[in-house]
Structures are given as C-alpha cells and as structure tokens.
Amino acid sequence: MIVSYKWLADFVNLENVTPQEVADKFINIGFEVEDMKDLSKGMERVKVGRIVKLTRHPNADKLQICTIDLGGGDTVQILTAATNVFEGALVPAALDGADLPNGVKIKTTNMRGEESQGMLCSGEELCIDNSVYPNALVDGIMILDESAKPGQQIAEFLGLDDVVYDLKVLANRPDCQSVMGLAKELSVALDRKFIAPKTEFKQEKIDLPIKIEVETENCPLYLGCIVKNVKLAPSPLWIQRRLKLSGITPHNNIVDITNLVLLEMGQPLHAFDYDKIANHKIIVRAAYENEELTCLDDQDYILSSDITVIADTDKALGLAGIKGGKEYSISNDTQNILIESAIFDRVNIRRSSRKLGLRTDASARYEREIQPISTLNGLNRALTLISSLNCGTISSDIVQVGELKDEKRKVSLPLSDIKRTLGIEIPTENIMYILNRLDIETTLIGDAIDCYVPSIRADIERSADLIEEVIRFYGFNHITPTHCEQTSSIAGGMNTMLQLQRNCVSYMLATGAHQVRTYGFCAPTTLDKLLIQENSELRNYVKITNPLSFDYSTMRTQMVSSLLEVIKLNENRKNKDTQIFEIGKIFKDIRDNKDNIPCEYNVLSYMTAQNVDFFNVKSITEMLASKFGINFTYKPSKIEYMHPNICADICLGNKKIGCIGKIHPRVLKNFDIKHDCYYFEINLNDLPAKKTKKAKPLPKFPSSHRDLALVVDENVLVGGMIETIKKTVGDMLENIELFDIYQGEQVPNGYKSVAFNLTFRKQDATLTQEEVNEAINKILVRLESTYQAKIRA
Amino acid sequence: MDKQLQEILNEAEVKVKQIKDKQTLIQVSALFLGKNGALSGLMKNLKNLSNEEKRVLGEQLNTLRDSLNKLFKDKENEIDDAILNEKLSKEKVDVTIPVTPSPYGTMHPIEILKKDLIDYFIERGFELKDGTDIETDYYCFEALNVPKEHPAREMQDTFYIDNETVLRTHTSAMQVRTMESQQPPIKMISTGNAYRIDEVDATHSPIFGQLEILVVDKNVTLADLIGTLEGVVKYLLGEKTELRVRPSYFPFTEPSIEADATCPKCGGKGCALCKETGYIELLGAGMVHPRVLEMSGIDSNIYKGFAAGIGLDRLAMIKYGVSDLRDLYENDINLLKQFK
Chain A
1 MIVSYKWLAD FVNLENVTPQ EVADKFINIG FEVEDMKDLS KGMERVKVGR
51 IVKLTRHPNA DKLQICTIDL GGGDTVQILT AATNVFEGAL VPAALDGADL
101 PNGVKIKTTN MRGEESQGML CSGEELCIDN SVYPNALVDG IMILDESAKP
151 GQQIAEFLGL DDVVYDLKVL ANRPDCQSVM GLAKELSVAL DRKFIAPKTE
201 FKQEKIDLPI KIEVETENCP LYLGCIVKNV KLAPSPLWIQ RRLKLSGITP
251 HNNIVDITNL VLLEMGQPLH AFDYDKIANH KIIVRAAYEN EELTCLDDQD
301 YILSSDITVI ADTDKALGLA GIKGGKEYSI SNDTQNILIE SAIFDRVNIR
351 RSSRKLGLRT DASARYEREI QPISTLNGLN RALTLISSLN CGTISSDIVQ
401 VGELKDEKRK VSLPLSDIKR TLGIEIPTEN IMYILNRLDI ETTLIGDAID
451 CYVPSIRADI ERSADLIEEV IRFYGFNHIT PTHCEQTSSI AGGMNTMLQL
501 QRNCVSYMLA TGAHQVRTYG FCAPTTLDKL LIQENSELRN YVKITNPLSF
551 DYSTMRTQMV SSLLEVIKLN ENRKNKDTQI FEIGKIFKDI RDNKDNIPCE
601 YNVLSYMTAQ NVDFFNVKSI TEMLASKFGI NFTYKPSKIE YMHPNICADI
651 CLGNKKIGCI GKIHPRVLKN FDIKHDCYYF EINLNDLPAK KTKKAKPLPK
701 FPSSHRDLAL VVDENVLVGG MIETIKKTVG DMLENIELFD IYQGEQVPNG
751 YKSVAFNLTF RKQDATLTQE EVNEAINKIL VRLESTYQAK IRA
Chain B
1 MDKQLQEILN EAEVKVKQIK DKQTLIQVSA LFLGKNGALS GLMKNLKNLS
51 NEEKRVLGEQ LNTLRDSLNK LFKDKENEID DAILNEKLSK EKVDVTIPVT
101 PSPYGTMHPI EILKKDLIDY FIERGFELKD GTDIETDYYC FEALNVPKEH
151 PAREMQDTFY IDNETVLRTH TSAMQVRTME SQQPPIKMIS TGNAYRIDEV
201 DATHSPIFGQ LEILVVDKNV TLADLIGTLE GVVKYLLGEK TELRVRPSYF
251 PFTEPSIEAD ATCPKCGGKG CALCKETGYI ELLGAGMVHP RVLEMSGIDS
301 NIYKGFAAGI GLDRLAMIKY GVSDLRDLYE NDINLLKQFK
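Taken in order, these protein sequences are the chains called A and B.
Heads up: the first sequence begins at 1 in this note's numbering, then just goes up one per residue.
Heads up: the second sequence begins at 1 in this note's numbering, then just goes up one per residue.
The shape of chain A in the complex, shown without the other chains (with noise of 0.2 Å):
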C-alpha cells in the first residue's frame, strides 16, 4: 500500500515528526516498510527563480548571463547555454552546493571570467516528466507557470516536497488498505489525535429515477446515488497527484474522485453513464455463460455463470468489484451519472478476478473482505468531493439494497490473560487506553475487560487477538526475555532417522565425500535419459499440478539423476575427482497410508567420478554396514542406468534396500559426462534400529583355523560359495574371509582359484581335529556337487 507522508498529515497531525520516525512507527505496529523514498531528494538547494537581467557573455558566444532573483532581495548571477531563456522568465534554479537527482553536483565556477553561482536547470536534470509538471521535457531550461514565487522551494513549488512509503499490508488487516486506515494506525502509535474526514454536501431532489435490484447472494449490500448534471473537467493538481503516487492515471474529476476514494478508504466505486441505463434499472446478477463484455481496459471477456456482472435490462454493464464496463462508462458527453458502492462477496470475487486473469485495485480490496459501514463513508466521501469541487447536483436519494451492519462485536478479555500469554504485568489503565485509541470501548467487570469492537475491525474476535493489540502499541521492548524456566522436561533427543542420517554424514565425510543438496523437482523426461523402463515403478512419479517448469514438474523417484547433474557442473568446471553424497528424498506416487498422501524415502546416495573400482565403492557400503551393525549381502541384479554386468542389488535379509555399480556409458553420454562413475544408495527407512547391546561373554575355548584352496568355474559366485560354506557347517563356523581369488597359468582356462580362510570354535568345548576335518569334508562335498569345485592341488 502506498502512502505519503502529507497525505497521512491530512488524518493525524505530524508536526514534529520526521519522515523517518514514521516509518519507524509503522514498522514497530507491524507494517512492514518496503520502501521508502523521499520525493524532494535532490531538490534540497533548488529553488524557483525570475530571470531579471539576461545578457551575452562578452567572451563566449553561446553563454548568456542570467541575473535570478531568490526573493527576498537576494540574487545570483547564473551562466546559461540555454535558448529558451527570457527576461521575466521563472525557472529553477540550482545553487552552489546542489547535489541533483541526476547525480550532478553544482559548484559556484568561473567561467570565461564571468562567476556562475549555480545553474539552471531542465526537467531531465530534475529526473521530472510532463506527469509531474507540463513541458517538463521542453528543450531547455524548465520555464514554470506564474503561480511560482521566487525563493519558494522547487520541490514545493512541484508538489513533490514529499516521502512515500510503501507499506506492507497483512491479509488480517483489510481495514489498512487505504491511507485512512493506516493514518488510523498511526495516530494511535503517536498518541495523537485522529482526524477524521468531514462529511458535508448538498442534496437536491432530482427527477431521474433509478431501480436497483438484486438478484445474487454474492452482492450483500448495494448503494446507490445520482448525480445530475455534471461537470466533467480535469480533477484539481493534488488529487492527480496522489493518484499518480499510486500508479493511477487521472482522467476527470469523477473517476478520480472515485479512485482517491478507493486509495483514501479502501471502497471501490464505480460511476456509470446514467443515461445510457436501459429502463434506468440496474440488475445484479450472475453472468450468463459465454456473455460478452469489453472492459475499460479495451479487453474483451467472456464471461460465464459463476461471475457477477452489473447489468441493466438489456447487457452487461460491469464486473461486479473488479472493473467496469467500456460502454456504460463516463465519457465527454456524460450528462448524469449512478456513483455504485458496494458489497461483493470475497469469495466469487477472488475466484472471478483469477479465473479472468484480471486483478484490480478494487478486486484486490474486495478479495480481503469490505465491512458494511465502509460502503457508506466511501460513498459520502465521494459526495463530499464531488460537492466541494462542483462537480455536480447530487441527489437527495441514496438507494440502498441490502442490510447495512454496523454493530459492536463484543468480545471478553480476561486480565489474567494477558500475563498468561505475554509474561508480563500491564496495568490495566493501559490496556484500556490502548484498546479505546482504536476505537474498542472497554467496561472493566471483575477480572475482566469486556470490549466492544467496532465492526471495521472484523480480524478481531478473541481475547487473543485483543493482547495482540494491547502488545502492538504497548511496545514488544516492554517484554522480559524469559527461557522456558516454568516448563516441565520431556526425554527429548533425536529419533531414529536422525541418527543414522548422522552416523552416515560422519561416515561420507571420513571418504572424502563432498555432500550436496540438490533439488526433488524433476523433469519426467530425466527417466528417458535414465533408459528407466516404461513399466519401471522409477516412472509411478508424483505429478505437480502447477509446476514452475517442465524440469520442475514431477517428484524425482530416484536421486541417480540429481548426483550425475552436480558431477557434470563439476566436470564443465575442470573440477577433478568429484566424491558426492547427498541425503535426500525420493517420492513414489503410493498411497497406502491414511493420510492418503504419496510415499517418501529417505535415501542415502553417493557417486563418485575418481579412478576407482567396483570394490573401493563396496568397502564403503560394507562399512556403513559396520557402523550400523547389520550385514549387507549383494546380489547381481540389472538396473537400467547401470553397467549390465557391474551392478547388484544392496540386500538386509532378503529385503532389497540399495543398489551399487557402474553407470552406463550409454547414460553418461546422455548426462554429457566424460569420467566413469560409480554409484550406490541406500533406503535408509528400511535399515533397522540400532538398539542397545548387551555384552557376550569371552570364548573360552581355542579356536581352529584352516586354509581351503578350490578351484571353480570362473562365472562361479565368490558370493554363493560362502552361502554355501556357511549353511553346511553351521554354528562352528565362526568366520570365513576370502584371501586369494586367481586366475593363469597354474589354472586351466575358463576356471579360477578361490581360496578362504576359515575360523572354527566351539562355545562349550574344545574342537578335536576330527571335528574340523569332517567340517572339511563335509563342506568339500557340498561344494563339488553344487559349484563342480575341486580342491587346488
């Protein structure tokens, strides 16, 4: 919302007060200052000036010499290159010291040996246009009108001896969306008094009648007035000004005075051509579907049965609360005018402004909700303006359809409350002067204070929103800072995932691992480059209805993609040896919960571009299994993205959790990236608890070690062999390491030497060596059935 400092000092007298503390007091009662900008900056050391002598510069043909007069008596003498310069002339007049808008800074020189103690200026060197002042932007020096008195100040002179502030409004606060509002605001934080508008015209009776029906629940209230005979002419100097202060182009007085209106008192209004009412009836009602209307924008809309029109008998003359219609507007033959304020409700309005794609200041109002009370001080305002400026015969007949509410919400406030929430004791003497600055009248009964709300004032509904009130101009510096000291204790602590997302982190980072964070936006097409399967469940992705951009729109499935991006950033940066990790979430468009919401994952992933191997990525996995305490198994799988034959799946039990390998060439070359890489990840949501454990005792019996060396079929998995030594002997097996995989001269082509170290021991006794050995035999036995592996000679 923008507002100006002068303008606020029509409502609240700001005598003493500086721009700044203004704002300073705005920002302390909760609106925000976006922007703040002094109109006049620049200006400081410019004052109007008249041209009482001009003559040539005896040493320079195309100077001439000014001789302005500041007032007062004082005068300087000014060179000017200038031609449109003439005795008499009032122009401004930049002295020594001035520091322009345009970033020019004046000094007194000599020029030619002629002193020039400042300049004159043009509208360019001001940064001023013809909005601001008519022939602004003439070539030459700025000439002003005669209204201007030397001496006087240029910004003055200009209108623009101002600050505007753009204040941010909350949606709570829909009263605040006018400069009246705001000025309300902040008489109560200055502790002065607020002055409200007057409300004074003339009322005739007058012989042209109007009917106003409504036919939609949408319009609660509806007011209406004639004014007869008016006189269309361009709106005084301050009102254009203001207007322009908030980006409104003036027109005539009318529509002026109803845009002021709507900036000054946050009510839209709207003036149509009375004449050109057919019947002279105006009908609110629904649009009909496909019903046509041009709006005073030029565009033309097609309307359907969920949007409100104003209507006379015949068409469409408007949309209802957000813009008017071309035809019926106020054109240079207007005679007689319908001034419209208005109820809209927030709803349809909000839905109609977005389904046409057109959102106005009024819709913008109405979208926050408009009070009834409102609708009739917006449009006596409007009559006031329009008398005082003659622009009119105004009725004596104000029209009104629909209730006009205008009563007190009472609402209790507990004193007790007010400690409760704030922590701290207000004496309840300031409470109720607070409370009665805006405008809540207060009956201290018992403990209690029982308010009276006006109804402009619709966000305030509990005792909550009061002690917001109370705080907001009692001032938050008031308050102790306090540390929770009269809280009970909870456990508290981290929970499980927590946990082992940090056990991971501090793991990653021991690797040399860089961790990313990359975002869970994705292009549906990334599954392509991917070469993910249609019927893959990688594509069962979560879609967003309303995405930012293609690349944004759906939930990634997988984190694959996300790391091959940042190692192709790094690798177009020449960065080597990138090392990655990210914990992160994948989305599944599954809905097996109550909620009914899509299934998320957190995940571990890493990838790597070093020059590195299958198994150097496996020690990692198979140390992240250490710290978590479980045993991970890899089965050979085939995963799209991955290396046909460098790729498993991460199991815990039989449960697949992860998986691990090469990326495919075929891929990378679809990421444009040149280093292999290797990747894994794991679904941490499936990784167990790590729960307390209780100590074993100590063997207390020898163990036994043997060294089996087998020679196997070279497709033979190390991995099944294990499986299978393990399952044979049972608990007396305590641990199997591989120790030598071999293959050449001393092993037949096609076959390979696989040789384990084994550790037995039993818990309650001694291990014979007959016990080992049959353990042998036995496991020699089973091996050569299943695998055809003999023992290495």
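A hint or two may mislead.
Computed beta-carbon distance windows for the label pairs [as the list claims (entries may be wrong)]: (1) 116(B) <-> 765(A): 27 to 37 Å; (2) 16(A) <-> 231(B): 54 to 64 Å; (3) 93(B) <-> 765(A): 46 to 56 Å.
Looking from chain A toward chain B, a few residues come up when the C-beta cut is under 7 Å (computed) [claimed, not checked]: (4) 472; (5) 486; (6) 772.
Hint data in this document are derived by calculation from the structure and do not stem from the laboratory.
Since the structure is predicted, the reported quantities are computational estimates derived from the model, not experimental observations.
Note that beta-carbon positions come from the ideal geometry of N, C-alpha and C, so glycine has one too.
Model the placement of chain B on the given structure of chain A, informed by the hints.
What follows is chain B alone, placed relative to chain A:
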C-alpha cells in the same frame, strides 16, 4: 666371600667384557651357570660338608649365582640395545617429503546450519520430529486456521499435487501432527524442506530448508518465545547480535511476531547486506492460536504454546557469506570444499 668364589666372579667379569654377540654370551654363560659349569661343580661339593659349613657356603654360592645372573643379563641387554640401535640407525625417513592426503569430506552449509540448530535444541531438552514434504491440505493449512479461500493463502504460493495434497509451504505442518499425537508438555523441533512458488534467483528458491519450533505447556508465554529466539540468534550469529521483535500476522499464531537480528556484517549500522536497514529478517513466530490448539485437541484454557519457523537458506547465506542462493544448490566442489 670365599676367595675361590670371588675369583670365579672376577673370571666371569673379564670374559663377559670381551663378548660381542649373543651366541658367545650363551656359551660363556654355560661355563659358569650351565649343568657342568663352575657353579654347579661347587654345589655338588656341598653334600660333603658339615651342616654349619653347608649353610655358610650355601649362602655364598647363592650370592655368587645372583651376581652371575645379573652380569649375564646386563650383558644381554647391552647386546640387544646395540642390535636395536644398529637397526634404528638404518631406518630413515625424510619427514619433509610432501604427501597426497586423503582429506575429509565436507558438509553442505545448509546442513551444517541444520545440524547446529538441532544440536542446540536437543541440548535444551527438545525432541526432534520428522515430517513429510508432501502434506495434506488439512495439516498444511486448514488445521493451522487457514481455511480454503482464506486471504492468507495468497501469502504462500503453493504447489499442488491434487486438491487435497500439497508440497508443504512450511514446516508448521508438523505442529498439528505433533499436537494430535501427544498431550502437553510438548517441546518439539522439526526440520526439513518447504516449497513455495518462487522463480530461482539470487535470493529465492522454490525449495528451502526450515526449522520449526513448538512448545506447548501450562506456563508458556511470549516472553519465553522471545528469550528462546534471542538465545538461538546469539548462538548462530554471535553474542553481540540483538533481536528486534515486530508485530506480524500469521493465521496460526496470535499474537504473531517477526524477529530481525542486528546485521552480523555491520553490527546494525547499515550496509549492503542488510540493505542499509541495520537488521536482517530472520523468522516468523508467535503464540499458537487458541483455535489451532483446540482443533488439535488441546484445551486452550489450560495450555498455551509458542511456535517459530526459521528459514535456513537465507541464514546460511548470511552466516557463511554466500551472496547468491543458487551457489548453494549448484554444488560446485570448490565452494563445498571451503566449509571444513
């Protein structure tokens, strides 16, 4: 000692002095202490002596044996030392040769901040709760006193999955979930991503990290909220940081406040970072709206609560001197490496 015995000891000392290696030491030691050595010869003679003589000579022989043992043991140690010293003298390393270290990885700055905040609150007895990024419209808005068509919905441009499902616009969605699942006392924090329709630029991102704080109990006040915020702000930005509290509006808190911190760069004098205001906007907070308590099944006549939401991305930018938010999501290793 008997003269004969003294001579044996003297002889042994002379011989030991000349020994250079362990092998010789063992041989010489056998001459004196071995089965057929000088000492055992004398011991054998004992049996021919009277009891009194046995006692006297026996004692002397024991003394001799101890002296011999010590003599040989000392020599053995001397030889071992010599061997070790010889070995050590050959083992040399040029400690000045540079190595290629395998350095530690680094945490992402936003994650560091998140970790620091979690640690701070966990130490103060809070519990951490996890929420989902995709939330129902009910928990994200309606249960927080933002019914459909409420003007406040305009404040947060929301990504919709469908009519009833959204990408949460704030971690406040966890407030109601927590209050529905347990009665006070509640001291909860929750962190995670929130989403709003914002084009990516130097200070905006459609995804950003947030920390939610919620305390509900019988005696919780706005003064407690301000004290808590003051503490966390000093913890994050330094002891000298001051908190400025302004009134604000959120549908789910009443009174609502916004808290600014004095600019950590200029200390409040005004600079480019704080756009000459001396303050940086930090967070929104307030006393939980009684209606929100009631909708979550908590008696608003007995209990009060405060809640706050802190945006992590902007704070990370300020704390770590990152001027463009996009840098934090681009993940250039050369930037990440700096946060050791």
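Structure-based check of all given hints:
no., hint, result
1, 116(B) <-> 765(A): 27 to 37 Å, "violated, 55 Å"
2, 16(A) <-> 231(B): 54 to 64 Å, "violated, 39 Å"
3, 93(B) <-> 765(A): 46 to 56 Å, "holds, 49 Å"
4, 472, "holds, 5 Å"
5, 486, "holds, 4 Å"
6, 772, "violated, 39 Å"
Checked against the numbered hints given earlier, this structure breaks hints 1, 2 and 6; the rest are met.
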